[in-house]
Amino acid sequence: MTARHELAVIGAGPAGLAAAATAAELGLKVALFDDQPAPGGQIYRGVERTPLADPAVLGDDYRRGADLAEAFRASGAAYHPSCGVWLLTPERELGLLDNGQARFVTAGRVIIAGGAMERPVPFPGWTLPGVMTAGAGQILLKSAGMVPGKGVVLAGTGPLLLLLAAQYLRAGVQIAALLDMTPPSNALRALPHLPAALSAFGTLAKGLALKREIHRAGVRVVKGVTSLRALGEARLEAVAYEAGGREQRLDSELLLVHFGVIPESNTTRSLGIRHLWDSRQLCWRPVADAWGNTGAEGFAVAGDGAGIGGALAAEYAGRLAALEAARALGRIDAAERDRSAAPVRAALAKERRVRPFLDVLFQPAPELISQLADDTVVCRCEEVTAGQIREAVGQGCTGPNQLKSFTRCGMGPCQGRQCGTTVSQLIGHTLGRPVEEIGAYRIRPPLKPIGLTQLAALDGEGEAAA
Amino acid sequence: MRGADTLVIGGGLVGAAIAYGLARRGVSTILVDEGDMAFRASRGNFGLVWVQGKGDGMPGYAAWTRLSADLWPRFAEELGEETGIATVYDKPGGFYLCRSEAELAEQETRLQRIRAKNTAPGPDYEVLDHQALAERLPGLGRAVVGGTYCPHDGHCNPLFLLRALHVGHAALGGRYLPNRRVADILPEAGGFTVVTDGGKVQGDRVVLAAGLGSARLAPKLGLSVPVVPQRGQVLVTQRAEPRLAHPTVYVRQTGEGSFLLGDSHEDVGFDEGTTPEAMTFIARRALDFFPYLAELPVVRVWGALRVMTPDGFPVYDRSREHSGAFSAACHSGVTLAAAHAERLAGFVAEGALPAEFRGFSADRFDVQEAA
Amino acid sequence: MFKKLHDDGAERVTVTIDGREARVPAGETVAAAALIHGLQPFRTSAVSGAPRAPYCMMGVCFDCLVEIDGTPNRQACQVRVAEGMAIRRQDGAGETAP
Chain A
3 MTARHELAVI
13 GAGPAGLAAA
23 ATAAELGLKV
33 ALFDDQPAPG
43 GQIYRGVERT
53 PLADPAVLGD
63 DYRRGADLAE
73 AFRASGAAYH
83 PSCGVWLLTP
93 ERELGLLDNG
103 QARFVTAGRV
113 IIAGGAMERP
123 VPFPGWTLPG
133 VMTAGAGQIL
143 LKSAGMVPGK
153 GVVLAGTGPL
163 LLLLAAQYLR
173 AGVQIAALLD
183 MTPPSNALRA
193 LPHLPAALSA
203 FGTLAKGLAL
213 KREIHRAGVR
223 VVKGVTSLRA
233 LGEARLEAVA
243 YEAGGREQRL
253 DSELLLVHFG
263 VIPESNTTRS
273 LGIRHLWDSR
283 QLCWRPVADA
293 WGNTGAEGFA
303 VAGDGAGIGG
313 ALAAEYAGRL
323 AALEAARALG
333 RIDAAERDRS
343 AAPVRAALAK
353 ERRVRPFLDV
363 LFQPAPELIS
373 QLADDTVVCR
383 CEEVTAGQIR
393 EAVGQGCTGP
403 NQLKSFTRCG
413 MGPCQGRQCG
423 TTVSQLIGHT
433 LGRPVEEIGA
443 YRIRPPLKPI
453 GLTQLAALDG
463 EGEAAA
Chain B
-16 MRGADTLVIG
-6 GGLVGAAIAY
4 GLARRGVSTI
14 LVDEGDMAFR
24 ASRGNFGLVW
34 VQGKGDGMPG
44 YAAWTRLSAD
54 LWPRFAEELG
64 EETGIATVYD
74 KPGGFYLCRS
84 EAELAEQETR
94 LQRIRAKNTA
104 PGPDYEVLDH
114 QALAERLPGL
124 GRAVVGGTYC
134 PHDGHCNPLF
144 LLRALHVGHA
154 ALGGRYLPNR
164 RVADILPEAG
174 GFTVVTDGGK
184 VQGDRVVLAA
194 GLGSARLAPK
204 LGLSVPVVPQ
214 RGQVLVTQRA
224 EPRLAHPTVY
234 VRQTGEGSFL
244 LGDSHEDVGF
254 DEGTTPEAMT
264 FIARRALDFF
274 PYLAELPVVR
284 VWGALRVMTP
294 DGFPVYDRSR
304 EHSGAFSAAC
314 HSGVTLAAAH
324 AERLAGFVAE
334 GALPAEFRGF
344 SADRFDVQEA
354 A
Chain C
252 MFKKLHDDGA
262 ERVTVTIDGR
272 EARVPAGETV
282 AAAALIHGLQ
292 PFRTSAVSGA
302 PRAPYCMMGV
312 CFDCLVEIDG
322 TPNRQACQVR
332 VAEGMAIRRQ
342 DGAGETAP
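Chains as they are written, first to last, in my numbering: chain A, 3 to 468; chain B, -16 to 354; chain C, 252 to 349.
These are calculated hints, taken from the structure and not from any lab test.
Take these hints with a grain of salt, some might be off.
Some chain A residues flagged as far from chain C (calculated, every beta-carbon gap over 10 Å) [unchecked claim]: (1) Pro185; (2) Leu190; (3) Phe203; (4) Val346; (5) Ala351; (6) Glu385; (7) Gly414.
Taking lysine-lysine and the BS3-like style, the derived pairs with C-alpha atoms no more than 27 Å apart in a straight line are [unchecked claim]: (8) A:Lys213 with C:Lys254; (9) A:Lys213 with C:Lys255; (10) A:Lys225 with A:Lys208.
For every residue, glycine included, the Cβ atom is placed at its ideal position computed from N, Cα and C.
Taking the hints into account, I'd like the entire structure generated from these sequences.
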């Protein structure tokens, strides 16, 4: 017999934790499913038991996650850790991989709070051992108390890069260089958005403080970096780049890159929910109303998975989606929902006012995609290069799905997560058409690879159905 | 837009093979295709170049299938040379595996029936018990009681085949017009105007090879292509080291190393979706056949719509009203690709289907209804 | 490449990494344990044989695939270490089960 929940929440980051706790407090029977073993998502990873002797290394914002996790634990929502979702059907069946066992549950409503992932940006050598993302570095710090052994090189653009640099400095890590790949013209382009952003002065002040902290520590910060390359045979040996019109080279065994974050959209896309190309955040995001409701009946989205807004915005969006779920399931009426939502909505609006400024300020250079060298690998799994993609487009491939079948690009175990955004942009650039028109990979289940034995072990009248 | 000799409507395997074959004969062609999200059976294909069991009830189809399988090795080689794209074609012979004596007996009877009407030379198939099968397919599951083997069976990468046909067509001067869903076809004196959502295209002849879309368009040419969708779901695993040297009807290991596990047969209309029930069923059957697949992760499950005629056999027609109009529809676009390119394209180029193709006409469904 | 900030005094389990025994904190991911103990690379790619190691650490890149207790294609960043676990480098596409 398949278990039925009133509300299923997917993801235990700020949006999911806030949604589940709020909904449970309103009397809903809530179950939260998350593939990690502990609450926090990526941003508050390991928040309940960080291995760090001095958690201050991670900064004040991290502690907010502990409060969220505590409120969630106390809320009465059922918590299913190490329980990933590999299938969602329009009938709101959830295929779970619960500690390695496949099973199904159904839900009256579903809030998808799948969060974000780092924007994959291909560059020569990015598949070498020793090249990782800044987020990966931070996860190792938060969950395992691990830091780079020798001079690490940080490269890219975005707040997380600065935050990680500061966290490493507090932990006594030597940073060989911070290669700032933010296009110098971004600052001017972002300026019109500054007045709106000033209302969220705290966020801006934190960013400036991080910069000062890095500067004071004497870290070598190189501005206007382009043409990043990772060099080495069996592993990373050196990082090459251009700055100030000169070719530079740094010996290093660890390069951590970051180019901002984008919604993890495979989950929402698998339901056939319409997605828009966000031309400021340079990513796809699901179309949803102010409560997170999507075009898929009974499915709402909340948090960075619905468009990048940061941890606080995610928390507020989670609360709003929970209020709407309580209304839809008859626990509260629309008037009460709106009353409860008002302060949350105000806080969310304030938090979001800073986004346009940050989005433009840290927007990765368009040349990172449009000028990709032909021999650079775009699809890490199937090792399909930019040149092979351009060739297929020249042979009449008009979209990512035909490209996938012509080249195997996107067919590997990561299921297009690492190449999908790049591919849509690259095809658009090659054909001179907007990304919105190009579209994206059609996402098929499973959302994560699942063993054949686990599939076979599922209940069901399989013989009759096939 | 200037006229061309022949318009081929549909850029799937059937249309692309015909267009490629026409271009090889020096016929000026325009291949009119839909966009990236079209219902495309060719992208959901299992990739078998398959003979055994085909044509039970229509000897002409059995012969046509066998002819195509015989043409395939040279076809694959030439296509590869012309385009630089390997179709990963291999013809090691294929197996049909049975999990019960009754199923095996049924398969044997079917193959006997087909052979009795078949004029093709040589050994067609062998019936094997578990022991004999296990010697040829190491690691075979105990649940398999026996099966049949046919040396004419093979497999390829159907996606690379589609790409090669497109590239080959273009290299021979054929034009490709994607993102043009056909709204209407207007027969005119001495030719046809095809109205698409991306403009009009004119030609002297037209070949309707639009898969499920042909049902809607055929009447405009005085033709009938009574096809309906039949969904098939297929599972594909992560790559693994080579283990299964022969294709089987429901499990094959691709040249890249992934295992394809098929497949369901469902009448669900225009729904390309997937269902947990079918996934479980397909996974169980695959594990029955080859228990060593147990730990392999499934990376993708897809549903694709087969193009099914009422009796499951192909439809090839030439319009009586508009003699320059042809239709081609089938669910064996991979197996028949060689015959479509090397034979059917020739018939179209000559302007007439041969007498022995009369059996493929959709007229056969009218007769049945009258009876 | 990485070092521990300090000994966190956590409970430890014994695993083998490419045959060598290692004492690692219970609850840690296989990827973290293998990085500290120098597994390099984690795998070679199925297509070209290129060396690979963890990239994203959050389960979306699938470059940290290793063989765990004889089963290939396991995501090292998503699996927790356990007593007696055998972690091995994966060469190319994994082998099917015996």
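Hints and how they fare:
no., hint, in the structure
1, Pro185, "24 Å, holds"
2, Leu190, "32 Å, holds"
3, Phe203, "31 Å, holds"
4, Val346, "28 Å, holds"
5, Ala351, "29 Å, holds"
6, Glu385, "4 Å, violated"
7, Gly414, "7 Å, violated"
8, A:Lys213 with C:Lys254, "25 Å, holds"
9, A:Lys213 with C:Lys255, "26 Å, holds"
10, A:Lys225 with A:Lys208, "20 Å, holds"
Going through the hint list in order, the structure does not satisfy hints 6 and 7.
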